[in-house]
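Model the full structure from these sequences, guided by the hints.
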Amino acid sequence: MKKLSAVVLACAFAGCATPGDVEKVSNRLDAVQDRQIASDKVVNGMLQHVETLERDVKTLTYQVSDLRKKLELLAPSGATLTGDDIRTALNSAALDPAVQQKYEAFLKELPTLSPEKALEGADSFERKDFLVQHFVRLIRNPQSPSRNNAMYVLSRWKPADVAPVLEPILSDGSVRGDLLKIMVGWDPHDATRQALLKHATEGTDSWRVMIADALARVEHRDGVRMLIEFLYHPDTTIRLTAIQGLKWATGFDLGYKTYASPEERKASAEKWEAWWKENEGKFEFPRR
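Residue numbers (our numbering): 122 to 409.
Don't take each hint at face value.
What the hints assert, rightly or not - With a straight-line Cα cutoff of 30 Å, these simulated DSBU-like cross-link-like pairs (lysine-lysine) come out:
id : residue 1 : residue 2
1  : K368      : K319
2  : K378      : K368
3  : K319      : K249
4  : K378      : K398
No lab work stands behind these hints: they were computed from the structure.
As structure tokens, then:
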């Protein structure tokens, strides 16, 4: 446009155009320039909008991926999801893409780290729930080279941070035994007790006696009561788990013998019931 303006002015000086012609051309050039500036602003705004959309698409991609993983963990082995399960997954904030990349880099490096370094690296992240879910996936696979480190980190984390995240996964038979070992290894904490209590009435007797034993080991009195009830069970393994849990929780066995006759076992189990009826309200777990 500057070149065109120069040409018009040259024509005016040469007598090829009048001053009025120059003014008209100049005004038109100004109008064209204004429209170009406005058009450039619109284009720049559109480009910025496209960049924003691209970032939003990336974020949504990570959110969808994160949600799929959460739903898979909430519905192990083809179990049906409830509305509460889906709401729980939806309400869990997805990760920022940059943070996601940091997590992925750590998980890739995890097999090569010592347990102490794995714990140090895991502690550097704010979102413990995200790592917990990935650790569960690693623990579920006995061949995973990261499995031991995942177990170690979970065993060292605070129950208040981890127990609520592990709680829904305790329904997954492929991994709950390992998770139970981790949870009973923590210092007794109310978050652990509440997580275990939610599963105290589900599944087989073999699973429920394990929950009862775990509750006793995290110093919840319901665990003691449930173990006493299992002393009457016809299955030897369940009775053995029950009396071992009671001995650990109380320090004595009241003469109960797992392989005694049904009559002798019944008499010993009744002693336990009588003792609990008298001492439940004042019972204190032994100091360790």
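Straight-line alpha-carbon gap K378 to K398, limit 30 Å: Distance ~21 Å between K378 and K398 Cα, so the pair holds.
Between the alpha carbons of K368 and K319, is the straight-line distance 30 Å or under? Satisfied, since the Cα-Cα distance of roughly 24 Å is no more than 30 Å.
With the threshold set at 30 Å, check whether the alpha-carbon distance from K319 to K249 stays at or below it. holds (22 Å)
Is K378 close enough to K368, meaning Cα to Cα at most 30 Å? holds (12 Å)
When each numbered hint is compared with the structure, no violation occurs for any of them.
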